[in-house]
Amino acid sequence: MIIKHMNDFDWSDLDARLLQLLVAVVDAGSITGAAQSLGVTQSAVSHQLDKLRSITGDALFVKSGRGIVATARAGELAVQARELLRQLQGFAHTGAFDPARWQATITIAANDFQRDVLLPALAQVLRAQAPGVALRVIPSDIPSLEMLRDGVCDIAISPRPPEGSDIVQKRIFEDRYCVYYDAAVRAAPATLADYLAADHITVVYEPRRTLYLDRTLAAQGLHRRFAVMVPGFGGLPTFLRGSPLLATAPALLHDSFMREFARAEVPTPCPTLPMYMIWHRRHQDDAAHRWLRERLDALAPGAMAGAPSVDQFSIAPERRPDA
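Residues 1 to 323 (UniProt numbering) make up the sequence shown, in order.
Everything labelled a hint here was simulated from the structure, so no lab data went into it.
Wrong hints could be hidden among the right ones.
Said to hold, decoys possible - Result set (EDC-like, lysine to aspartate or glutamate): computed pairs, CA atoms no more than 20 Å apart in a straight line:
#, residue 1, residue 2
1, K170, D286
2, K51, D15
3, K170, D297
4, K63, E76
5, K170, D141
6, K51, E76
7, K170, D285
8, K63, D50
9, K170, D50
10, K170, E146
11, K63, D27
Based on the provided sequences and hints, a complete structural model is requested.
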(Lines of atoms letter the chains of each structure in order from A and count residues from 1; the text may use other names and numbers.)
(Lines give C-alpha, C1' and ligand atoms only; values in the text may rest on other atoms or scores of the structure.)
Protein backbone atom coordinates (compact mmCIF):
# COMPACT_ATOMS: atom_id res chain seq x y z
CA MET A 1 0.00 0.00 0.00
CA ILE A 2 1.37 3.42 -1.00
CA ILE A 3 0.67 6.27 1.43
CA LYS A 4 1.07 9.89 0.38
CA HIS A 5 3.14 12.21 2.48
CA MET A 6 1.04 14.64 4.55
CA ASN A 7 2.19 17.56 2.43
CA ASP A 8 0.89 15.84 -0.71
CA PHE A 9 -2.72 15.11 0.31
CA ASP A 10 -5.52 16.89 -1.54
CA TRP A 11 -8.15 18.00 1.00
CA SER A 12 -10.67 18.66 -1.81
CA ASP A 13 -11.01 14.88 -2.20
CA LEU A 14 -12.77 14.74 1.16
CA ASP A 15 -16.54 14.42 1.21
CA ALA A 16 -19.26 13.57 3.71
CA ARG A 17 -19.25 9.89 2.78
CA LEU A 18 -15.56 9.53 3.67
CA LEU A 19 -16.14 11.29 6.97
CA GLN A 20 -19.08 8.98 7.74
CA LEU A 21 -16.93 5.99 6.84
CA LEU A 22 -14.17 7.05 9.22
CA VAL A 23 -16.61 7.52 12.10
CA ALA A 24 -18.34 4.20 11.33
CA VAL A 25 -15.11 2.18 11.39
CA VAL A 26 -13.93 3.87 14.58
CA ASP A 27 -17.29 3.22 16.27
CA ALA A 28 -17.63 -0.38 15.03
CA GLY A 29 -14.00 -1.35 15.56
CA SER A 30 -14.11 -3.48 12.42
CA ILE A 31 -14.60 -3.22 8.69
CA THR A 32 -17.40 -5.78 8.83
CA GLY A 33 -19.33 -3.83 11.45
CA ALA A 34 -18.85 -0.55 9.59
CA ALA A 35 -20.08 -2.14 6.36
CA GLN A 36 -23.22 -3.37 8.11
CA SER A 37 -23.97 0.03 9.69
CA LEU A 38 -23.45 1.83 6.39
CA GLY A 39 -25.35 -0.72 4.31
CA VAL A 40 -22.45 -1.35 1.91
CA THR A 41 -20.07 -4.23 1.18
CA GLN A 42 -16.81 -4.89 3.04
CA SER A 43 -14.87 -4.36 -0.16
CA ALA A 44 -16.47 -0.92 -0.58
CA VAL A 45 -15.38 0.02 2.93
CA SER A 46 -11.84 -1.23 2.28
CA HIS A 47 -11.65 0.72 -0.99
CA GLN A 48 -12.84 3.95 0.64
CA LEU A 49 -10.45 3.45 3.54
CA ASP A 50 -7.56 3.23 1.10
CA LYS A 51 -8.68 6.54 -0.41
CA LEU A 52 -8.93 8.14 3.03
CA ARG A 53 -5.47 6.86 3.97
CA SER A 54 -4.06 8.38 0.79
CA ILE A 55 -5.65 11.74 1.59
CA THR A 56 -4.60 11.88 5.25
CA GLY A 57 -1.18 10.24 4.93
CA ASP A 58 -1.93 8.01 7.90
CA ALA A 59 -2.60 4.27 8.23
CA LEU A 60 -5.72 5.13 10.28
CA PHE A 61 -6.35 1.50 11.35
CA VAL A 62 -3.86 -1.27 12.11
CA LYS A 63 -4.28 -4.96 12.88
CA SER A 64 -4.53 -5.95 16.51
CA GLY A 65 -4.96 -9.70 16.97
CA ARG A 66 -7.94 -10.70 14.85
CA GLY A 67 -9.35 -7.18 14.66
CA ILE A 68 -8.20 -3.64 13.98
CA VAL A 69 -7.63 -0.59 16.14
CA ALA A 70 -7.63 3.08 15.25
CA THR A 71 -4.38 4.99 15.24
CA ALA A 72 -4.05 8.06 17.39
CA ARG A 73 -4.43 10.16 14.24
CA ALA A 74 -7.65 8.34 13.30
CA GLY A 75 -9.07 9.05 16.75
CA GLU A 76 -8.32 12.75 16.40
CA LEU A 77 -9.77 12.87 12.89
CA ALA A 78 -12.94 11.06 14.01
CA VAL A 79 -13.61 13.81 16.57
CA GLN A 80 -13.26 16.45 13.84
CA ALA A 81 -15.31 14.37 11.40
CA ARG A 82 -18.26 14.20 13.81
CA GLU A 83 -18.26 17.99 14.15
CA LEU A 84 -17.96 18.50 10.39
CA LEU A 85 -20.85 16.11 9.76
CA ARG A 86 -22.94 18.00 12.31
CA GLN A 87 -22.19 21.27 10.53
CA LEU A 88 -22.96 19.77 7.13
CA GLN A 89 -26.29 18.50 8.41
CA GLY A 90 -27.07 21.96 9.74
CA PHE A 91 -26.07 23.44 6.37
CA ALA A 92 -28.62 21.26 4.59
CA HIS A 93 -31.34 21.44 7.25
CA THR A 94 -31.52 24.83 8.90
CA GLY A 95 -34.16 23.69 11.38
CA ALA A 96 -36.94 25.75 12.91
CA PHE A 97 -36.53 29.50 12.59
CA ASP A 98 -36.54 31.31 15.93
CA PRO A 99 -37.46 35.00 15.49
CA ALA A 100 -36.35 35.74 19.05
CA ARG A 101 -32.75 35.02 17.98
CA TRP A 102 -32.92 36.90 14.68
CA GLN A 103 -30.47 39.81 14.49
CA ALA A 104 -30.98 41.98 11.40
CA THR A 105 -32.13 45.25 9.88
CA ILE A 106 -34.98 44.70 7.44
CA THR A 107 -35.91 47.31 4.86
CA ILE A 108 -39.47 47.70 3.60
CA ALA A 109 -40.31 50.08 0.77
CA ALA A 110 -43.74 51.66 1.22
CA ASN A 111 -45.34 54.99 0.50
CA ASP A 112 -47.13 56.85 3.26
CA PHE A 113 -50.49 55.11 2.79
CA GLN A 114 -49.13 51.57 3.01
CA ARG A 115 -46.65 52.64 5.68
CA ASP A 116 -49.29 54.03 8.03
CA VAL A 117 -51.81 51.23 7.46
CA LEU A 118 -49.50 48.25 7.96
CA LEU A 119 -46.08 49.02 9.35
CA PRO A 120 -46.78 50.42 12.86
CA ALA A 121 -48.47 47.11 13.68
CA LEU A 122 -45.53 45.21 12.18
CA ALA A 123 -43.13 47.22 14.33
CA GLN A 124 -45.08 46.13 17.42
CA VAL A 125 -44.89 42.49 16.35
CA LEU A 126 -41.14 42.78 15.82
CA ARG A 127 -40.61 44.34 19.24
CA ALA A 128 -42.56 41.50 20.87
CA GLN A 129 -41.38 38.51 18.83
CA ALA A 130 -38.11 39.55 17.17
CA PRO A 131 -36.54 42.23 19.38
CA GLY A 132 -33.19 41.91 17.62
CA VAL A 133 -34.67 43.15 14.34
CA ALA A 134 -34.68 46.83 13.36
CA LEU A 135 -37.27 48.03 10.86
CA ARG A 136 -36.16 50.52 8.21
CA VAL A 137 -38.83 52.10 6.01
CA ILE A 138 -38.01 53.81 2.72
CA PRO A 139 -40.34 55.37 0.10
CA SER A 140 -41.38 52.96 -2.61
CA ASP A 141 -42.64 55.61 -5.06
CA ILE A 142 -43.38 53.35 -8.06
CA PRO A 143 -41.31 50.22 -7.23
CA SER A 144 -38.71 49.18 -9.77
CA LEU A 145 -37.21 45.79 -10.52
CA GLU A 146 -33.81 47.14 -9.51
CA MET A 147 -34.99 47.94 -5.97
CA LEU A 148 -35.68 44.25 -5.40
CA ARG A 149 -32.90 42.79 -7.53
CA ASP A 150 -30.20 44.98 -5.98
CA GLY A 151 -31.38 44.42 -2.41
CA VAL A 152 -32.38 48.04 -1.83
CA CYS A 153 -35.34 46.63 0.08
CA ASP A 154 -36.35 43.21 1.38
CA ILE A 155 -40.05 43.75 0.64
CA ALA A 156 -42.00 46.40 -1.24
CA ILE A 157 -45.65 47.13 -0.56
CA SER A 158 -47.42 48.74 -3.47
CA PRO A 159 -50.50 48.57 -5.72
CA ARG A 160 -48.12 48.45 -8.70
CA PRO A 161 -45.82 45.40 -8.65
CA PRO A 162 -43.02 45.59 -11.21
CA GLU A 163 -43.12 42.80 -13.78
CA GLY A 164 -40.23 40.35 -13.84
CA SER A 165 -39.81 36.58 -13.89
CA ASP A 166 -37.71 36.80 -10.71
CA ILE A 167 -40.26 38.90 -8.79
CA VAL A 168 -42.94 37.39 -6.55
CA GLN A 169 -46.08 39.20 -5.46
CA LYS A 170 -49.04 38.48 -3.18
CA ARG A 171 -52.21 40.51 -2.87
CA ILE A 172 -52.68 41.18 0.85
CA PHE A 173 -55.61 43.59 1.05
CA GLU A 174 -57.86 45.90 -0.94
CA ASP A 175 -59.20 49.37 -0.18
CA ARG A 176 -61.62 51.71 -1.93
CA TYR A 177 -61.63 55.42 -2.49
CA CYS A 178 -63.74 57.98 -0.69
CA VAL A 179 -63.99 61.78 -0.83
CA TYR A 180 -62.51 63.75 2.07
CA TYR A 181 -63.46 67.35 2.79
CA ASP A 182 -63.37 69.92 5.59
CA ALA A 183 -66.94 69.97 6.94
CA ALA A 184 -66.33 73.36 8.57
CA VAL A 185 -65.89 74.90 5.13
CA ARG A 186 -68.07 72.95 2.71
CA ALA A 187 -70.58 70.15 2.32
CA ALA A 188 -70.03 66.83 0.61
CA PRO A 189 -70.52 66.87 -3.17
CA ALA A 190 -74.15 65.84 -3.63
CA THR A 191 -73.87 64.92 -7.30
CA LEU A 192 -71.28 64.03 -9.90
CA ALA A 193 -71.65 67.56 -11.28
CA ASP A 194 -70.79 69.01 -7.84
CA TYR A 195 -67.79 66.69 -7.62
CA LEU A 196 -66.41 67.69 -11.01
CA ALA A 197 -67.08 71.40 -10.45
CA ALA A 198 -64.98 71.48 -7.27
CA ASP A 199 -61.26 72.10 -7.01
CA HIS A 200 -59.31 69.01 -6.03
CA ILE A 201 -56.04 68.10 -4.38
CA THR A 202 -54.28 65.00 -5.65
CA VAL A 203 -51.14 62.89 -5.25
CA VAL A 204 -48.56 62.78 -8.04
CA TYR A 205 -45.60 60.40 -7.70
CA GLU A 206 -44.10 61.07 -11.12
CA PRO A 207 -44.34 64.23 -13.27
CA ARG A 208 -47.21 64.19 -15.74
CA ARG A 209 -48.44 60.81 -14.44
CA THR A 210 -51.97 60.83 -13.06
CA LEU A 211 -53.44 58.30 -10.65
CA TYR A 212 -55.15 55.27 -12.13
CA LEU A 213 -58.32 56.71 -10.60
CA ASP A 214 -58.10 59.69 -12.98
CA ARG A 215 -57.27 57.51 -15.95
CA THR A 216 -60.42 55.52 -15.18
CA LEU A 217 -62.49 58.71 -14.92
CA ALA A 218 -60.99 60.00 -18.17
CA ALA A 219 -62.13 56.80 -19.90
CA GLN A 220 -65.66 57.85 -18.92
CA GLY A 221 -65.07 61.36 -20.25
CA LEU A 222 -64.76 62.77 -16.72
CA HIS A 223 -61.95 65.05 -15.54
CA ARG A 224 -61.15 66.53 -12.14
CA ARG A 225 -59.73 70.04 -11.84
CA PHE A 226 -56.58 70.05 -9.70
CA ALA A 227 -55.68 73.08 -7.63
CA VAL A 228 -52.92 71.36 -5.60
CA MET A 229 -50.67 68.37 -6.28
CA VAL A 230 -48.55 66.78 -3.53
CA PRO A 231 -45.97 63.94 -3.63
CA GLY A 232 -47.77 61.71 -1.11
CA PHE A 233 -50.99 61.24 0.81
CA GLY A 234 -49.35 62.69 3.91
CA GLY A 235 -49.42 66.08 2.21
CA LEU A 236 -53.21 66.17 1.88
CA PRO A 237 -54.28 67.38 5.37
CA THR A 238 -52.32 70.64 5.36
CA PHE A 239 -53.93 71.82 2.12
CA LEU A 240 -57.37 70.36 2.78
CA ARG A 241 -57.75 71.90 6.23
CA GLY A 242 -59.72 75.17 6.06
CA SER A 243 -60.25 74.97 2.28
CA PRO A 244 -63.12 74.00 -0.04
CA LEU A 245 -60.91 71.43 -1.79
CA LEU A 246 -61.87 67.79 -2.22
CA ALA A 247 -59.41 64.92 -1.80
CA THR A 248 -60.22 61.51 -3.23
CA ALA A 249 -58.05 59.05 -1.32
CA PRO A 250 -58.05 55.54 0.20
CA ALA A 251 -60.73 55.01 2.81
CA LEU A 252 -58.30 53.42 5.29
CA LEU A 253 -56.52 56.76 5.65
CA HIS A 254 -59.40 57.88 7.87
CA ASP A 255 -57.73 55.98 10.70
CA SER A 256 -54.51 57.94 10.35
CA PHE A 257 -53.80 61.43 9.08
CA MET A 258 -57.22 61.98 7.47
CA ARG A 259 -59.19 61.33 10.66
CA GLU A 260 -60.11 65.00 11.18
CA PHE A 261 -62.00 65.26 7.89
CA ALA A 262 -65.49 64.25 6.87
CA ARG A 263 -65.85 61.66 4.14
CA ALA A 264 -68.37 60.62 1.55
CA GLU A 265 -68.68 58.19 -1.33
CA VAL A 266 -67.23 59.05 -4.69
CA PRO A 267 -70.34 59.96 -6.75
CA THR A 268 -69.30 57.80 -9.70
CA PRO A 269 -68.01 54.25 -10.22
CA CYS A 270 -64.28 54.11 -9.55
CA PRO A 271 -61.67 51.38 -9.19
CA THR A 272 -60.70 49.60 -6.01
CA LEU A 273 -57.16 49.86 -4.70
CA PRO A 274 -55.46 46.44 -4.36
CA MET A 275 -52.26 46.24 -2.34
CA TYR A 276 -49.44 43.78 -2.98
CA MET A 277 -46.51 42.50 -1.00
CA ILE A 278 -43.58 42.13 -3.42
CA TRP A 279 -40.21 40.40 -3.02
CA HIS A 280 -37.38 38.87 -5.04
CA ARG A 281 -37.47 35.13 -5.72
CA ARG A 282 -34.12 34.60 -3.99
CA HIS A 283 -35.93 35.17 -0.67
CA GLN A 284 -38.76 32.77 -1.45
CA ASP A 285 -37.54 29.87 0.73
CA ASP A 286 -35.60 31.85 3.32
CA ALA A 287 -37.07 31.01 6.74
CA ALA A 288 -36.64 34.51 8.19
CA HIS A 289 -38.08 36.22 5.12
CA ARG A 290 -40.99 33.78 5.04
CA TRP A 291 -41.73 34.54 8.71
CA LEU A 292 -41.71 38.27 7.93
CA ARG A 293 -44.08 37.82 4.99
CA GLU A 294 -46.44 35.75 7.13
CA ARG A 295 -46.55 38.48 9.78
CA LEU A 296 -47.37 41.15 7.19
CA ASP A 297 -50.01 38.95 5.60
CA ALA A 298 -51.61 38.29 8.99
CA LEU A 299 -51.72 42.02 9.77
CA ALA A 300 -53.43 42.95 6.50
CA PRO A 301 -56.95 41.71 7.37
CA GLY A 302 -56.76 43.82 10.53
CA ALA A 303 -56.12 46.85 8.36
CA MET A 304 -59.44 46.29 6.64
CA ALA A 305 -61.29 46.58 9.97
CA GLY A 306 -60.77 50.32 9.79
CA ALA A 307 -62.46 50.74 6.41
CA PRO A 308 -65.57 52.95 6.58
CA SER A 309 -68.90 51.23 6.03
CA VAL A 310 -70.04 52.83 2.81
CA ASP A 311 -72.19 51.12 0.21
CA GLN A 312 -70.30 49.11 -2.39
CA PHE A 313 -70.34 50.96 -5.67
CA SER A 314 -69.73 49.68 -9.16
CA ILE A 315 -66.17 48.55 -9.73
CA ALA A 316 -64.23 49.29 -12.88
CA PRO A 317 -62.22 46.40 -14.40
CA GLU A 318 -59.21 45.82 -12.17
CA ARG A 319 -55.76 46.92 -13.27
CA ARG A 320 -52.88 48.33 -11.30
CA PRO A 321 -53.74 51.70 -9.80
CA ASP A 322 -51.24 54.08 -8.26
CA ALA A 323 -50.99 54.87 -4.59
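Do the hints match the structure? See the list:
1. K170 - D286: holds, 16 Å
2. K51 - D15: Distance of about 11 Å is within 20 Å: holds.
3. K170 - D297: Holds - the C-alpha atoms of D297 and K170 are around 9 Å apart, at most 20 Å.
4. K63 - E76: holds, 18 Å
5. K170 - D141: Holds, at roughly 18 Å.
6. K51 - E76: holds, 18 Å
7. K170 - D285: holds, 15 Å
8. K63 - D50: holds, 15 Å
9. K170 - D50: Violated - the C-alpha atoms of D50 and K170 are around 55 Å apart, more than 20 Å.
10. K170 - E146: holds, 19 Å
11. K63 - D27: holds, 16 Å
Of the numbered hints stated above, the single one contradicted by the structure is hint 9.
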